Structures are given as structure tokens and as C-alpha cells.
Amino acid sequence: MGDYSKWFVRFLKAENLNRVHILAHSFGARVAFKTICNHPGMAKSLIVTGGAGIVKPRSEEYLKSVARYRRIKKFFPKFAERHFGSEEYRSLSPLMRESYKKIVNEDLSGCAARVNCGTLLIYGENDTVTPPHEEGETFRKLIGGSVLKTIAGGHFCFSENPAVFNSIIFDFLRNGGE
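Count the sequence shown with our numbering and you get residues 68 to 245, in order.
The hints are simulated quantities; they were obtained by calculation from the structure and are not laboratory data. What you are looking at is a predicted structure, and each value in this text was computed from that prediction instead of being measured. Be aware that a few hints might be false.
[What the hints assert, rightly or not] Straight-line distance between alpha carbons at most 25 angstroms, and here's what the computed DMTMM-like set of lysine to aspartate or glutamate pairs gives:
1. LYS131 x GLU154
2. LYS123 x GLU173
3. LYS131 x GLU201
4. LYS168 x GLU154
5. LYS131 x GLU165
6. LYS169 x GLU227
7. LYS208 x GLU165
8. LYS131 x ASP70
9. LYS140 x GLU155
10. LYS111 x GLU128
11. LYS123 x ASP70
12. LYS123 x GLU204
13. LYS208 x ASP238
14. LYS73 x GLU201
15. LYS123 x GLU82
16. LYS141 x GLU154
17. LYS216 x GLU192
18. LYS216 x GLU201
[What the hints assert, rightly or not] DEER-style ranges, computed between Cβ atoms:
19. GLY212 x GLY69: 19 to 29 angstroms
20. TYR167 x PHE78: 34 to 44 angstroms
21. HIS106 x GLY212: 15 to 25 angstroms
22. SER153 x PHE78: 28 to 38 angstroms
23. ARG241 x ARG137: 19 to 29 angstroms
24. ASN83 x VAL196: 28 to 38 angstroms
25. ILE139 x TYR167: 36 to 46 angstroms
Glycine is no exception: its CB is placed at the ideal position from the N, C-alpha and C atoms.
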């Protein structure tokens, strides 16, 4: 995540942008949290929708599946690569798989707790990728003064319910991003 954050900071500096309003979706929230954590005056406000970055405790079934994968991979690597992991993971090249594993295993709750600007969290009530009662509520508790809103829709609630989504954002920004 550090590399993505560094690229984002270089972009902002190249464009001479300071104290920006950041709107981030899903993976973008990871970049935003890392950036704000490492560059505390850069953001004027943060709007996160379907934000990710919390590493949840691994279930016993998950840990058993990883152990099975590792055993099978020793003897049948191609079979293991085709039959284990999420569909998203299996669709990636070997190089991107390594990057993906680092990204999803980096817990950004410490960075989220250091966010020092007005923060609005918007989650789709039917989001199964980053559920509002898990991710959204966790971020709300970590980020002082943040506000959590849930709206109709799933992980892409902003495109499923744009009028409501935009109205919430405009109200937040009209009030100074607080």
C-alpha cells in the first residue's frame, strides 16, 4: 500500500493540490488511509464508500483451507492454483497474486485511527464485500468524529443509488466536510 500512497502523493504535489477532499471506494480507501496516516495535513476531508482495509480474524475453516492449499501445491501446483483461492485471486497473474496477498493482509486499522480530518463513510446496506455492520462500523469507531451512512445498494451503492449518494456527499461538503 505504501507504493500506491507514494504515487498518490506525487500526483497531488505535481498538480499543486493541497488540503484536498478525497473520495475513495473500496481499495481506494486503503490508499487514502495510508496516505492520510503518513501525510497528516494533506486531506481536508475524506469520503469513503465501501471502504476496505480491516483484516478480520481468520476462521478455523480458512486456516485449514490454507494448509490444504500449501500441501497440495507442493505436489500439484497447477491444480492448486486452479482450485484454491477466490475467483478474483485465481484470475491474477503470478506477480499480481503476490501484490494482492500483501494488500489484503495489510491491516490499516491503525492508519484509520490516525485520520485527522472530517470523514464520511457511506456503505451499501447489502454490501457483501465490505459489509457496513463490519467494515463501516469498525471504521466509524476508529475515526474520531466520523459519520457512517448506509444507503440502498451493494458494494457499488454510489452507482446503484446516485441521487441519494450525491445528496449525502453534497450535504457533507456544504458543512465544511465535518
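Hint check results:
1. LYS131 x GLU154: Answer holds: LYS131 to GLU154 is near 19 angstroms, not above 25 angstroms.
2. LYS123 x GLU173: Measuring from Cα to Cα gives roughly 11 angstroms; hence the hint holds.
3. LYS131 x GLU201: holds (23 angstroms)
4. LYS168 x GLU154: holds (14 angstroms)
5. LYS131 x GLU165: Holds. LYS131 to GLU165 sits at ~20 angstroms (cutoff 25 angstroms).
6. LYS169 x GLU227: violated (30 angstroms)
7. LYS208 x GLU165: violated (31 angstroms)
8. LYS131 x ASP70: violated (32 angstroms)
9. LYS140 x GLU155: Holds: LYS140 and GLU155 sit about 19 angstroms apart, inside 25 angstroms.
10. LYS111 x GLU128: violated (42 angstroms)
11. LYS123 x ASP70: holds (23 angstroms)
12. LYS123 x GLU204: holds (13 angstroms)
13. LYS208 x ASP238: At roughly 22 angstroms apart (the allowed maximum being 25 angstroms), ASP238 and LYS208 satisfy the hint.
14. LYS73 x GLU201: violated (28 angstroms)
15. LYS123 x GLU82: violated (36 angstroms)
16. LYS141 x GLU154: holds (21 angstroms)
17. LYS216 x GLU192: Roughly 9 angstroms separates the two Cα atoms, so the pair holds.
18. LYS216 x GLU201: holds (13 angstroms)
19. GLY212 x GLY69: 19 to 29 angstroms: holds (26 angstroms)
20. TYR167 x PHE78: 34 to 44 angstroms: violated (23 angstroms)
21. HIS106 x GLY212: 15 to 25 angstroms: holds (19 angstroms)
22. SER153 x PHE78: 28 to 38 angstroms: At roughly 30 angstroms between Cβ atoms, PHE78 and SER153 fall inside 28 to 38 angstroms, so the hint holds.
23. ARG241 x ARG137: 19 to 29 angstroms: Because 53 angstroms falls outside the window, the suggested range is violated.
24. ASN83 x VAL196: 28 to 38 angstroms: Distance hint for ASN83, VAL196 holds at roughly 35 angstroms.
25. ILE139 x TYR167: 36 to 46 angstroms: Given about 20 angstroms between the Cβ atoms, the range is violated.
In this structure, the hints that do not hold are numbers 6, 7, 8, 10, 14, 15, 20, 23 and 25, in rising order.
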